[in-house]
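Protein chains in written order, with our numbering: chain A, 2 to 186; chain B, 2 to 186; chain C, 2 to 186.
Bear in mind the hints are in silico, worked out from the structure with no lab data behind them. Being a predicted model, the structure only gives us computed values, none of them experimental. Be aware that a few hints might be false.
Any copy will do: because identical chains look the same in the list, a pair fits if it lies in one copy or spans two.
Said to hold, decoys possible - Below are the DMTMM-like pairs computed for lysine to aspartate or glutamate, each with C-alpha atoms no more than 20 Å apart in a straight line:
| id | residue 1 | residue 2 |
| --- | --- | --- |
| 1 | Lys181 | Asp153 |
| 2 | Lys48 | Asp125 |
| 3 | Lys141 | Glu169 |
| 4 | Lys48 | Glu169 |
| 5 | Lys141 | Asp153 |
| 6 | Lys29 | Glu184 |
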Amino acid sequence: MEARSSSVLIFFFMFLAISSAFPKHKDKYKPCKHLVLFFHDIIYNGKNAANATSAIVAAPQGSNLTILAPNFHFGNIAVFDDPITLDNNLHSKPVGRAQGMYMYDTKNTFTAWLGFSFYLNSTDYQGTINFIGADPILIKYREISVVGGTGDFFMHRGVATIDTDSYEGEVYFRLKVDIKFYECW
Amino acid sequence: MEARSSSVLIFFFMFLAISSAFPKHKDKYKPCKHLVLFFHDIIYNGKNAANATSAIVAAPQGSNLTILAPNFHFGNIAVFDDPITLDNNLHSKPVGRAQGMYMYDTKNTFTAWLGFSFYLNSTDYQGTINFIGADPILIKYREISVVGGTGDFFMHRGVATIDTDSYEGEVYFRLKVDIKFYECW
Amino acid sequence: MEARSSSVLIFFFMFLAISSAFPKHKDKYKPCKHLVLFFHDIIYNGKNAANATSAIVAAPQGSNLTILAPNFHFGNIAVFDDPITLDNNLHSKPVGRAQGMYMYDTKNTFTAWLGFSFYLNSTDYQGTINFIGADPILIKYREISVVGGTGDFFMHRGVATIDTDSYEGEVYFRLKVDIKFYECW
Numbered sequence: 002m003e004a005r006s007s008s009v010l011i012f013f014f015m016f017l018a019i020s021s022a023f024p025k026h027k028d029k030y031k032p033c034k035h036l037v038l039f040f041h042d043i044i045y046n047g048k049n050a051a052n053a054t055s056a057i058v059a060a061p062q063g064s065n066l067t068i069l070a071p072n073f074h075f076g077n078i079a080v081f082d083d084p085i086t087l088d089n090n091l092h093s094k095p096v097g098r099a100q101g102m103y104m105y106d107t108k109n110t111f112t113a114w115l116g117f118s119f120y121l122n123s124t125d126y127q128g129t130i131n132f133i134g135a136d137p138i139l140i141k142y143r144e145i146s147v148v149g150g151t152g153d154f155f156m157h158r159g160v161a162t163i164d165t166d167s168y169e170g171e172v173y174f175r176l177k178v179d180i181k182f183y184e185c186w
Numbered sequence: 002m003e004a005r006s007s008s009v010l011i012f013f014f015m016f017l018a019i020s021s022a023f024p025k026h027k028d029k030y031k032p033c034k035h036l037v038l039f040f041h042d043i044i045y046n047g048k049n050a051a052n053a054t055s056a057i058v059a060a061p062q063g064s065n066l067t068i069l070a071p072n073f074h075f076g077n078i079a080v081f082d083d084p085i086t087l088d089n090n091l092h093s094k095p096v097g098r099a100q101g102m103y104m105y106d107t108k109n110t111f112t113a114w115l116g117f118s119f120y121l122n123s124t125d126y127q128g129t130i131n132f133i134g135a136d137p138i139l140i141k142y143r144e145i146s147v148v149g150g151t152g153d154f155f156m157h158r159g160v161a162t163i164d165t166d167s168y169e170g171e172v173y174f175r176l177k178v179d180i181k182f183y184e185c186w
Numbered sequence: 002m003e004a005r006s007s008s009v010l011i012f013f014f015m016f017l018a019i020s021s022a023f024p025k026h027k028d029k030y031k032p033c034k035h036l037v038l039f040f041h042d043i044i045y046n047g048k049n050a051a052n053a054t055s056a057i058v059a060a061p062q063g064s065n066l067t068i069l070a071p072n073f074h075f076g077n078i079a080v081f082d083d084p085i086t087l088d089n090n091l092h093s094k095p096v097g098r099a100q101g102m103y104m105y106d107t108k109n110t111f112t113a114w115l116g117f118s119f120y121l122n123s124t125d126y127q128g129t130i131n132f133i134g135a136d137p138i139l140i141k142y143r144e145i146s147v148v149g150g151t152g153d154f155f156m157h158r159g160v161a162t163i164d165t166d167s168y169e170g171e172v173y174f175r176l177k178v179d180i181k182f183y184e185c186w
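With the rest of the complex left out, here is chain A (with noise of 0.2 Å):
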């Protein structure tokens, strides 16, 4: 019985070790408040403006702006205006903005440096999020930092497990940010 335990927690493990980028330190601490977002980009792509919320304002010598570049977007950087929502629906109410930046920084496999802002203005929550961090595309589940906050996450800090919860080619995607706060004010 405790051998059949073991071997189960070990499975776990294993499964937790190749699904998320560092899985250490996970359950140490309790968050103080804790929050489930999705956002969705859909990149311009000279045919689709009116759906838009993203741009592609920056590419390495000989791509352009229209067509995410040769070698896994590396140098590319995108400009974006995301709904926010509660569930994975992009049709759903949005709750705020996402806004911000993401920027493709490897040449031989799919990376990422994020930079943005979560506006939330709706009944629940009145204020913003502010985020950085690496963001290993090809990894099930990555780690970013909130950094800072205002309004009702006034100073708070934390970690955002980001996951794509959907993608379609290179016109969509979407994130699910699962938010933990450790420190709130």
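Please arrange chains B and C on chain A, whose structure you already have, making use of the hints.
Relative to chain A, chains B and C alone:
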């Protein structure tokens, strides 16, 4: 008499609700340090190389680098090195430089995302203050995060209220930055 | 004897004043964790695609993306994925990657603004460290903020002293990053 006080109060809070992004939590905590500074941005437009302190360095498809983009400048990134002054006069002796970037990130209204530092080097203050946050420009008072500092601001955190104190067309703007540190070391 | 000690001390502090941006507050607090790492940046110049680790992706009006801009590179943004090593040898086994961006932000001297992450994945450290700050390149020791972390650096904050350990023309530079964490979890 009491009725009158109440209606004055109600009027006062209505005013706050209109002019501030997120008025709550403002007075719950007392800052451990307080600083009010101004910085001045003169954007390069192809003719003002001698005076310009910032330059458009990224733009969406179809735009150029000497005229801010159509659609609320969506997709422009500007890099800046702006003088910081103690009062609202561009020609006052600078006490430091505001350095970093702003990017316009919405296509149907004026909003920006800011990542920058104050590099202060005066008799009063020596050190840096690092900021990031969303800037809904059309709101009178916006709040961004102070995420760290060095020198006299070693490890400080706080919230900065920014306010477009003046602007002249698309060439000059002046931001008043009211910095309240809530974590001092 | 005492006089001699004093003059040695005075000389020592003069040296600090010259070589550091803001020497004060250095020894008031003891770091809870200390890490010294190097990262290596090889910028793409149109001929070194195989070795380059960074690329110019934004430039001011009139400049291109394979030559750093005139006027102290003002207006260039570079995106990078640079190897991190434990010593100053580019060919040492990397312990992680430095990922993010730097932008040159002054037209009459060399300064940059940095937003990047260390993504560490070695036997010693697994996790990310997130940095932002102003970099007055010509000063020997500059200080930027550690604004958050994940994994082994969960919720950490601190100050990093950076130092251009070596550079070769406009193609290669190596930064020594001395990270002192003052808030560990």
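Status of each hint after checking the structure:
For the identical chains of this complex, Lys181 and Asp153 are neighbours both inside a copy (14 Å) and across copies (17 Å), given an alpha-carbon limit of 20 Å. Proximity of Lys48 to Asp125 under the C-alpha cut-off of 20 Å is found in neither arrangement, the shortest distances being 36 Å within a copy and 48 Å between copies. For a Cα distance limit of 20 Å, the shortest separation of Lys141 from Glu169 inside one copy, 16 Å, qualifies, whereas the shortest one across copies, 39 Å, does not. Within a single copy, Lys48 and Glu169 get their C-alpha atoms as close as 16 Å, which meets the 20 Å cut-off; across copies the closest is 34 Å, which misses it.
In this assembly of identical chains, Lys141 and Asp153 lie within 20 Å of each other by CA distance solely across copies; the values are 19 Å between and 29 Å within a copy. Taking CA atoms no more than 20 Å apart as the test, Lys29 paired with Glu184 passes in both settings, with 14 Å inside one copy and 16 Å between copies.
The structure does not agree with numbered hint 2 stated previously, though it agrees with all others.
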